[in-house]
Amino acid sequence: MTSDAGAEEAQVPDDSGPVSEHAGTRPYVGRIRYALLGPPHIDRLTVTHCVHSAAEAFFTVSMAGSIFFSVSPDAARPRVLLFLVVTLAPFLVMAPLVGPFVDRVRGGLPGVMIGTFLARAVLAMLLAENLRNLLLFPLAFGVLVVAKTYTVSRNALVPAFVEDEDDLVPANARLSRTATLAGALAASGAVGVYAAFGGSWSLRVGAAVYVLGAISAWRVRSVARRLEPVDRDAYVELIRPDVSGAVWDMVVLRAAQGFALFQFGFSLRAEGDPPWVLGGLILGNGLGGFLGTILAPRLRERVSERAMFTAALVSSASMALVAGFALTRWTLIAAISVLGLSVSIGRRALDATIQRQAPHARRGQVYAGLETRLELAWVSAACLAVALRTATWIGMLALAAFLALVAIVHVRRHAGVGVFRPMPAMPMAERLLLRAETLAEHHFYDEAIVVALAALEESGAGDPDALMSRDERIALADEASHVDQTLASAILRAVRSQLNATVR
Amino acid sequence: MRRSRSHRRAALLATGLVVIGACTPGDDDPTEIGVEAYSLVIAEFLPDGAVEDDDEKPVVYVARLGDEIFELDDQVAMIDELEQSHDLRFVDSVDAALDAEDEDATPRDDGLLLGIGTVAPTAPHLVRVEVYAGSRDANAFLLTLEPGADRWRIETSEPVEPEVLVGDE
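Protein chains in written order, with our numbering: chain W, 1 to 504; chain B, 1 to 169.
Please note: incorrect hints may appear among the correct ones.
Stated by the list, open to error - Computed beta-carbon distance windows for the label pairs:
hint, chain 1, residue 1, chain 2, residue 2, range
1, B, E163, W, P274, 44 to 50 Å
2, W, I408, B, D109, 23 to 29 Å
3, B, T122, W, W248, 57 to 63 Å
4, B, S93, W, S244, 44 to 50 Å
5, B, S135, W, F69, 22 to 28 Å
6, W, R329, B, R153, 41 to 47 Å
7, W, P274, B, D137, 46 to 52 Å
8, B, S93, W, L135, 25 to 31 Å
9, W, A196, B, T118, 41 to 47 Å
10, B, E163, W, I394, 27 to 33 Å
Stated by the list, open to error - Simulated coverage check for chain B against chain W, where a stretch passes if three residues somewhere in it have a Cβ under 8 Å from a Cβ of chain W:
hint, region
11, 70 to 76
12, 82 to 95
Because the hints were derived from the structure by calculation, they are not lab data.
Note that the coordinates shown come from a computational prediction; the quantities given were computed from them, not determined experimentally.
We treat Cβ as the ideally placed atom computed from N, Cα and C, and that holds for glycine.
Turn these sequences into a full structure, and let the hints guide you.
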């Protein structure tokens, strides 16, 4: 933080509610500003996210004039699938790289955000000239990839703006809520530009908005504090059952969302439904997400994060089942709206779980890795939807079956039983070894060996002294000596082998 | 000796004629049917197009008769060719072009639906076209195309009994 930021920070009011006591003494306009944008410094991030939403609205509206809606869905499907698969590649590459970049480069995340805005501005200008030819596909998917990169960096940056662990959920909720409002306002303007001047001009306006976003992100860069280096605790915390379970539930919800968007985007066109139905799905998803940002903080005051996920999964599965068996345009829109609401609630629940049970994982590198997994799930499910080529009602039933199965597993997991048989708690030795393997994956070899040998001792499956003497283990625990990857891998393999032999 | 030379010449000549005949394209050799042929067929049945930039372009839906589809590149090429005057939209099935809430099952957006068959690869290059504007306004034609030196042309256009594109007979 800069020195003047430090002075401002001393005056930052409590961010635990939409409007704090301190904000109550402000003028009316100031109170609204605070409610929409939040306290100083994070308000810059909020503004930047609003500009992003506005620009994306112009991009989305412009696509209505693209050649995609003039060609037949079956002819477009292979090209869309190809570019979706190509879209996967950056995320697979990005996942292991973005973390170190974020941690080593000062202003790494804001820098990534600036880059994504500038890249999208260029792509939007190119798209404006190629809206009605085959270059539409690589350019539009280029915007998609870059937009998801922005999402990863923006979500990973939020923890850098909150001091208190209780602030993460309301901060994220406010960001999403205000940005949704901004996007809705911008969309009405985008429709006007499109109707008057066509898709190319709305893209050019969108490009200008992207440039504004880059300027706004530059202002974020000046106030974002350097993210703390990640230590082993962050990775260990991520494998805690509640945390890993929450991440899995969120992955499922994001996958369902990606599947639904592409499944119904194609099937509605193929079946001749009027364009307003697809527009209704997009609007419903957005409204559901907006509602979630309002409901989620209130839900969290009353129920646990696990219960929030249960509500999200059960409600989305239930509505999808209703739509699957009684499919009309309105039940379809309702199902997608509830899915949008569930994803939003799930997002808040994940944030709450991490801030409470994995506070060290609120670091840029780890958070970026989490976000990348969520985006991968979205894209992978979208690929599946495009590849399958099914009718709307089959797609809805498949979505309902998937969500219902996950909801059942979620409920039974937290009730202590498996899906088909009672599921015993994981033995301590196995849990210790799992932790050791996670530590080794992230290059904490000394700690990995100490924990792995503790697992072996706990299980009684072998003698730890046979693998490493007690004195050597003590030296490792005291950080008086160190081991390399080769030795660590060999010891972990040996412990795993002995534990597995005990189980058999 | 003289008789054997003449026999050899006759044999060589006959062989040469056979070779030349084999190299010359015959009526049974398949011709590559490109997007230009289908563009010509579609253009034959287009309604009057937009003249000024502000005019609303008539909507024309194009579906393939049978199981084949137009490749994406070909669709884009045909759309581009008619972009100035017509709003060409390709559909995978006839139903996708129709207004489901209209009793007369007319094409959406007051458009016209063209069902295009496959141009025969060998002469005569026949192709069937269904022209559909509603359940009471359906026609069909059998066109004969002829490849020219640099472009295709329509030799004949014969009205035929329309197939039932929409609904049951």
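inquiry  = Run through the hints listed earlier and report the numbers of any the structure violates, in increasing order.
reply    = 1, 2 and 7
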